[in-house]
Amino acid sequence: MSGYEQGPQVPGFTPMAAGDPQGSHAAGVPRTTPGERVETSSLGELFGELTRNLSTLIRQEVKLAKAEMKESASTAGKAGGMLGGAGVAGHFTLLFLSLALMWALGSVMHLGWAALVVAVLWGIAAAILASVGRKNLKEVKGLPQTAATVKEIPPTLKPGETTP
Numbered sequence: 001m002s003g004y005e006q007g008p009q010v011p012g013f014t015p016m017a018a019g020d021p022q023g024s025h026a027a028g029v030p031r032t033t034p035g036e037r038v039e040t041s042s043l044g045e046l047f048g049e050l051t052r053n054l055s056t057l058i059r060q061e062v063k064l065a066k067a068e069m070k071e072s073a074s075t076a077g078k079a080g081g082m083l084g085g086a087g088v089a090g091h092f093t094l095l096f097l098s099l100a101l102m103w104a105l106g107s108v109m110h111l112g113w114a115a116l117v118v119a120v121l122w123g124i125a126a127a128i129l130a131s132v133g134r135k136n137l138k139e140v141k142g143l144p145q146t147a148a149t150v151k152e153i154p155p156t157l158k159p160g161e162t163t164p
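Sequential numbering of the sequence shown, starting at 1, is according to my numbering.
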């Protein structure tokens, strides 16, 4: 099923009906089959209708892409902001906890070695957090509906072929 058959998810996005690019049926003009249009319309009228249809299709695709991009960017921005704020607050907490751990280990071993042990622990934690963060960034969806509908355009322009 294409994005057009499922119904638009974009405010103000109204896909055109097949064979009715300008809403001519709603205006009281009777619908005709493609064969009847070919027989009764001039070549210029048919090309005009084709360019209007393509223009409408391209505008709809651009509108859909903008809406999907805005949604993805908004989600990624909110997540990034929250992670940044949590990082700053957590940084100060962990800084003082690390100093406390270093001084506690300093009572058992030399203070320099205690600082090195704490630094290695934080290096391991940083590697784990970077790995998890990278995995989460790979899950950002991008523009899935736009990509699917754009793939349908070339077969749609070829007569006799159906879209998947």
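Hints are supplied without guarantee of correctness; some may be wrong.
Unchecked claim - Derived DSBU-like pairs (lysine-lysine); straight-line CA-CA distance at most 35 Å: (1) Lys63 to Lys138; (2) Lys151 to Lys63; (3) Lys151 to Lys66; (4) Lys135 to Lys66; (5) Lys66 to Lys78; (6) Lys70 to Lys138.
Everything labelled a hint here was simulated from the structure, so no lab data went into it.
Ascending list of hint numbers which this structure does not respect: When the structure is compared with the hints, none of them turns out to be violated.
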